[in-house]
Amino acid sequence: MKKLQCAVGFGGDQIAWENDLVGNDTIEIFLSRTTLRQIEVIVTLHRCGSFTIAAAELGMSVANVSRMSKRFENNLGVKIFAGDKRRSVILTEAHTIIDCLAPLLEEIKCAKIGLREVLG
Numbered sequence: 001m002k003k004l005q006c007a008v009g010f011g012g013d014q015i016a017w018e019n020d021l022v023g024n025d026t027i028e029i030f031l032s033r034t035t036l037r038q039i040e041v042i043v044t045l046h047r048c049g050s051f052t053i054a055a056a057e058l059g060m061s062v063a064n065v066s067r068m069s070k071r072f073e074n075n076l077g078v079k080i081f082a083g084d085k086r087r088s089v090i091l092t093e094a095h096t097i098i099d100c101l102a103p104l105l106e107e108i109k110c111a112k113i114g115l116r117e118v119l120g
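Taking the numbering used here, the leading residue of the sequence shown gets 1, the next gets one more, and so forth.
Read the hints as simulated data drawn from the structure, not as lab findings.
Any given hint could turn out to be false.
[Stated by the list, open to error] In the DSBU-like style, the derived pairs of lysine-lysine whose C-alpha atoms are separated by at most 35 Å in a straight line are:
1) 109 x 70
2) 112 x 70
3) 112 x 79
4) 109 x 79
Quick caveat: nothing in here was measured; it's all calculated off a predicted structure.
Build out the structure end to end from the sequences listed, making use of the hints.
So, in structure tokens, the structure goes:
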């Protein structure tokens with residue numbers, strides 16, 4: 001299996017990706033078109049392994065989870081999920097991007113909490 005390596009920084013730091021599946025230009029386009037909510041949906045979907053369970057956890061409809069995951073894949077230009085989405089989630093090799101995005105999402109959530117505490 002191909003391994004995605006990434007380094008994501010904040011404050012204008014360089015974003016570096018190494019992968020045979022997607023190129024750096026694709027990642028730049030992907031990052032400019034992807035919302036935090038889409039990342040949250042993808043990470044939750046990966047963790048839950050089910051569209052139904054992920055939808056319930058996120059407080060969304062299954063149709064919305066499916067739509068957002070499809071948009072995420074379209075933005076990336078690579079399929080992450082394969083097979084019958086009505087049952088369990090089946091992952092392709094490209095799912096390794098989630099291993100990079102999950103910690104990033106947690107950092108952003110912590111930063112938002114810290115900002116709320118500072119601002120009151």
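Pair hint residue 109 and residue 70, alpha-carbon separation not exceeding 35 Å = 23 Å, holds
When you check the alpha-carbon spacing of residue 112 and residue 79, does it fall within 35 Å?
-> Given pair residue 112, residue 79 holds - Cα atoms ~30 Å apart, limit 35 Å.
Between residue 109 and residue 79, does the CA-CA distance stay at or below 35 Å?
-> Between residue 109 and residue 79 the Cα gap is close to 26 Å, so the pair holds against 35 Å.
Can the restraint linking residue 112 and residue 70 be considered satisfied, given a maximum Cα separation of 35 Å?
-> 27 Å, holds
Hint check: no violations occur; every hint is consistent with the structure.
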